[in-house]
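Novice: Going down the list, the protein sequences come from chains A and B. Counting from 1, position 550 in the first sequence corresponds to residue 550 in UniProt numbering; the numbering is continuous, with no gaps. Counting from 1, position 103 in the second sequence corresponds to residue 103 in UniProt numbering; the numbering is continuous, with no gaps.
Any given hint could be a false lead.
Which copy is meant is left open, so a pair is good if it fits within one copy or across any two.
List of simulated lysine to any residue pairs, SDA-like, C-alpha gap at most 25 Å [stated by the list, open to error]:
{"hint": "1", "residue 1": "LYS325", "residue 2": "ASP353"}
{"hint": "2", "residue 1": "LYS608", "residue 2": "ILE700"}
{"hint": "3", "residue 1": "LYS592", "residue 2": "SER296"}
{"hint": "4", "residue 1": "LYS608", "residue 2": "LEU529"}
{"hint": "5", "residue 1": "LYS138", "residue 2": "LYS325"}
{"hint": "6", "residue 1": "LYS91", "residue 2": "SER680"}
{"hint": "7", "residue 1": "LYS109", "residue 2": "TRP297"}
{"hint": "8", "residue 1": "LYS593", "residue 2": "SER680"}
It should be emphasised that the hints constitute simulated quantities derived from the structure, not laboratory data.
Protein chains: 2
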Amino acid sequence: MAPRDQSCGDGGEVDPEGGIEAPLLSSGSSFFQDPAHEDGDGDEEARRRRRRFLLAGRSQSNTTSQVALVGVGVCPIESLDYELIENEVFKQDWRARGRGHILRYVALKWALCFLVGVLSAAAGFVANLGVENVAGAKFVVTSNLMLAGRYGTAFAVFLVSNFALTMLATVLTVYVAPAAAGSGIPEVKAYLNGVDAPDIFSLKTLVVKIVGCIAAVSSSLHVGKAGPLVHTGACIASILGQGGSSKYHLTCKWLRYFKNDRDRRDLVTCGAGAGIAAAFRAPVGGVLFALEAVSSWWRSALLWRAFFTTAMVAVVLRALIDFCKSDKCGLFGKGGLIMFDVTSDYITYHLVDLPPVITLGVLGGVLGSLHNFFLDKLTFRKGQKYKLLLAAVVTICTSCCLFGLPWIASCKPCPSDTEEACPSIGRSGATYGRLVGMLIGSQSTLDHGLFAVLGSAALLGGSMRMTVSVCVVILELTNNLLMLPLVMLVLLISKTVADAFNANIYDLLVKLKGFPYLEGHVEPYMRQLSVSDVVTGPLQAFNGIEKVGHIVHVLRTTGHNGFPVVDEPPFSDSPVLFGLVLRAHLLVLLRKKDFIPNCSASALDASKQFLPHDFAKPGSGKHDRIEEIEFSAEELEMFVDLHPFTNTSPYTVVETMSLAKAHVLFREVGLRHLLVLPKSSKRAPVVGILTRHDFMPEHILGLHPFLFKTRWKKVRFGKSAFTNLVF
Amino acid sequence: MAPRDQSCGDGGEVDPEGGIEAPLLSSGSSFFQDPAHEDGDGDEEARRRRRRFLLAGRSQSNTTSQVALVGVGVCPIESLDYELIENEVFKQDWRARGRGHILRYVALKWALCFLVGVLSAAAGFVANLGVENVAGAKFVVTSNLMLAGRYGTAFAVFLVSNFALTMLATVLTVYVAPAAAGSGIPEVKAYLNGVDAPDIFSLKTLVVKIVGCIAAVSSSLHVGKAGPLVHTGACIASILGQGGSSKYHLTCKWLRYFKNDRDRRDLVTCGAGAGIAAAFRAPVGGVLFALEAVSSWWRSALLWRAFFTTAMVAVVLRALIDFCKSDKCGLFGKGGLIMFDVTSDYITYHLVDLPPVITLGVLGGVLGSLHNFFLDKLTFRKGQKYKLLLAAVVTICTSCCLFGLPWIASCKPCPSDTEEACPSIGRSGATYGRLVGMLIGSQSTLDHGLFAVLGSAALLGGSMRMTVSVCVVILELTNNLLMLPLVMLVLLISKTVADAFNANIYDLLVKLKGFPYLEGHVEPYMRQLSVSDVVTGPLQAFNGIEKVGHIVHVLRTTGHNGFPVVDEPPFSDSPVLFGLVLRAHLLVLLRKKDFIPNCSASALDASKQFLPHDFAKPGSGKHDRIEEIEFSAEELEMFVDLHPFTNTSPYTVVETMSLAKAHVLFREVGLRHLLVLPKSSKRAPVVGILTRHDFMPEHILGLHPFLFKTRWKKVRFGKSAFTNLVF
């Protein structure tokens, strides 16, 4: 093979065993020399550090999990790409966009927000309508039987209907759409942090979610509609943001502006807010929930659009409820959206009421953290049959309890106690709040209804640790601002108390489900490491004009999603980093098979062969696979010019950059790949790539177990409490 | 001079004319060669690009303004440093910090938030108390005279007292504390974006602000308390965050944790929220105002702390008002905090009410943007006498109008019309809202009070363009959630309409005052440039072990605040970038005069001579000056080891990085300096430094006037409308 070919990136022999050893790094290309052997004149310290770098970093690969528990099933996960990809093809597209394009883009953005709002409101309305009709019918039949004295039959009807409904929900989620199980909020939170799983926002998930939600809530289980509605809102937003379906010819050229992860993230954030707004008719609370609980990135422009979305939800819901007032919706409105009964009272409170309120806050914090603890320890077991059994047992127990309660608690002033529960955001109802409230409230001059509100606020604060949004949701539910200071006090106390024990319920679930969630703050031990201490190999790089066979081999043998592109002499004075090319874009190139016979720069501008939307990001979970493309032997020997398709502005850090500051960059800018540059100019122009997985504590502490032995151990194990307080 | 000395960074001869020509770049050090001449074998394209780079970039210096209008005076401005400075001294300090330190830090953080809340509430209370007593006394005297039929005397008293009060406020702000003039919100917004001006948060400013606010509001001028209270809250937060005063021995060792710009930024954000909370007794609205209107960086942890602060404001205000109910506060509570009178009504509205509401929104948008336009064009004139004259004319006119109004508008049902105005956030009262509301409302079935609320919302939305926070403030003021959808609708319409004309009032003022405000979005033309197209020279760099005389010369002849530190052979294999050292840290080093006789690595660890708090960031506006330090001739010939004091993890970009993406990094991470690395390894290890000024449109378009000629011109001139819609 001619030396010229060699320099063009014929990256060594294809490994017959198909391992993921790096041909480029170990033997192939001329510039990727072993950094430990590259120079003899450095001092001992530098050499020692380089050796350690080689041993600790490059020789190991990152073993953190590439799958996560989505709903009840295990899914492969993928990182999202919020970075602006600046390659020649996209740049030409941007230059071609005039004022009209921008106007269209803006108009579409608002139109999509409008649609998300309207559809989320409709979904919330359907869910409410379904629940009230199904549960109402069940209640009417049971009551009539009880009034007729036929308690046995009534219990049987109650039990069987509950059992059937629960089983329907469980079977749907276990066998049809596993991603629809659970509240869905951890999945939405992970998505907005940059972790995608194929099924979380599919149409199937959406339908099963709504039907399952109706069945589960109607079955008298203590589950709320809020979580499912957040997931539903996010689903609607994500489906609208896919840019239509080219399969069913339901697309339009304009929608291609939204075929990127940034715009989809914004839409899904608005969708999550719309879900809460639909669940509680609380538009401001919905915006704040999206901001406080689920989003990882926020801009004040997003505040405005989320507000518009939730305003649409409120308007549409109001119109639909007005429509239903004329008895067109069956039993809807008979049970009604259950509100607290403190609206009409003028509430007064004094300093003497503070001790019981503070007690309530502390109790709420303790109970909320206990709730999180048990959920963390008990709920997650493997196996579909186990889940069915669990659901069956829970529904029978709940039915018995509910049916028996009026007898047991007949001494209480109001036998329909549990019916008054707040439509809880979490799983356990805020019923406990009312019970606790009643117990304590009996010693106070305060209103019982107010105490129920405060009790539920305390529990929500203790479990979910959201202060501002829960506060606003409660205000919007009760329409009473005079108790604002008390609600705030209770929320702050319960959150503080609960934070001393464990993290909030969503963070626990996100961790438990194995999502590689990028925290917003930096762990203390990250300040002790540099990026070269965690970057793992083997690094796979391509030349600017690369042999097709080598690209195919690398794509087949690794799972990497981004590859540095390096220009070597004679195309540059010395080996220089040209940029970063994405796997998805390489696959588009390979599928087109627009190859060049030799490795000289192509006369034709290859980018002319492609339209920008050839490279548009497909919808969630859809992507090309290298195995689906066939190549002839001649094609494998040809070359492809990667320059026009390479992102020429990847974000970079020098290898001596502290891990903490690289984490700040990675998280704040919302990256998928971060290139690591060498400190010395004599080395290869790029020494590694950092991804989200490289910032995971399990990976870092696996590479550097000595960090456990130092004082950081203490800080780390006190982490959940500390980091919640500190950051 | 020995070659060894040369390599140690004796950066050329000191320029006898004291110009700011770069000795390092042009003649001195061995590696800073002219990039245009460094290699002969590159292709023509590369050489042409480099020459352009040299011509367009490095040879010019950034001429954007280094001063801004603060209040009514001109001040030098300085960038804030939100980056984590990781040098050896600070690292040792972090390693020494255990669990106790973290606990103390957390406790202090919350204690400071508590204090900010309490003091802001007290300041708001004092302002209200002052206004109600002064204005009340004036009103009582005038009314009594009018009841006695002595209209002439009454008018004279009214006019003279208003004139005296206005002049008091004007003289105080013009001659005593110019930084206290105006609403203060633009200054707070600029500070939270990273621009500091020495006087904005001083104790003098705080006192003048409160007194001036009382005088101005009492003088019947149409000014609100909200802006001043936001500035007051920010002042209190900033003063508390200075870490005490070492001059008056009012400091404590613990407070040193807060001697950095990050923690101060968080505190000032909470303080701004506390100001709004104190002005309107609207805790949730205060948090949202801080989030939506003034802050440039936000984390959900900050949401919680800001909420705690505003909750404290609400609690303290309530306690103080309770205290005043027993007639201990003079006239306080007689006029009362003026609220809208819609609380008690149960408001119903139907589809037929939509057209007038929409009209109101559109009108509010048009009037709001007109208000911004006139404020932009008319208000800012130079000269102290002009300001005094303006104030005098305005107060006389206002007094005449107010006194005459009840006669002119006597046909209206309520002659005290203007007295009912909402305590406006902006300058013009929401009175117009009520007037417009009455005109339109007469054709509607809606409540007049409701229409007044909607009218003021429309104007605020049109002028300030804040939707969520104005909405929540209005809700908290009126304690009525049923009209939420209407308020939202009006706000969204008026904001959209007004955005089509110009930017919001605070952004206009920030620009007008000359603050180098970093926008949250990227201008389209930034995508067409790389960082090398805007980076300006001359670059000043130091060697790891540098001659004192050279450092002193560079510090005296340039105003740069950060300098790259480069290690050269024999200290490294090749010239490598070691990090970035700050001017402030260099001054601490030079003041200590712990120099070494020659340029070999010092045996003693120089960092041992310093405590971390020697390098703590001093309070706003306080900093060392090189002119204050005297050096002997021998000292100037000695050396200093910069390594332990150099930030070894500065953020970097490669010179080919697109300007748009560098802007994203700079803004999201909150940087002060961004180092530009060369693409080719044959060049000097650093080619420039980007600061906030390099991202200003006037600088970029000054360097690249051809951008005006392209299609981007169109987009740029439509910018105010577009960017507000797009982002």
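Novice: Under a CA distance limit of 25 Å, which applies to LYS325 and ASP353: within one copy, between copies, both, or neither?
Specialist: between (40 Å within a copy, 20 Å between copies)
Novice: Treating 25 Å as the Cα threshold, decide for LYS138 and LYS325: within, between, both or neither.
Specialist: Classified as within; 22 Å inside a copy, 55 Å across copies.
Novice: Quick one: LYS608 to ILE700, C-alpha cut-off 25 Å, is that within a copy, between copies, both, or neither?
Specialist: neither (44 Å within a copy, 30 Å between copies)
Novice: Give the relationship of LYS109 and TRP297 under a CA distance limit of 25 Å: within one copy only, between copies only, both, or neither.
Specialist: Close inside one copy (18 Å) and across copies (24 Å); limit 25 Å.
Novice: State whether the alpha carbon distance between LYS593 and SER680 is at most 25 Å within one copy, between copies, both, or neither.
Specialist: Neither: 38 Å inside a chain and 32 Å across chains, both beyond 25 Å.
Novice: Can you give me the call for LYS91 and SER680, within, between, both or neither, at a CA distance of at most 25 Å?
Specialist: between (32 Å within a copy, 23 Å between copies)
Novice: For LYS592 and SER296, with the copy left unspecified, which applies at a CA distance of at most 25 Å: within, between, both, or neither?
Specialist: Neither. Shortest intra-copy (37 Å) and inter-copy (44 Å) distances fail the 25 Å Cα cut-off.
Novice: At 25 Å max between alpha carbons, let me know whether LYS608 reaches LEU529 within a copy, between copies, both or neither.
Specialist: For LYS608 and LEU529, only the inter-copy Cα distance (22 Å) is at most 25 Å; the intra-copy one is 45 Å.
Comparing the model with each earlier hint shows violations of hints 2, 3 and 8; every other hint is respected.
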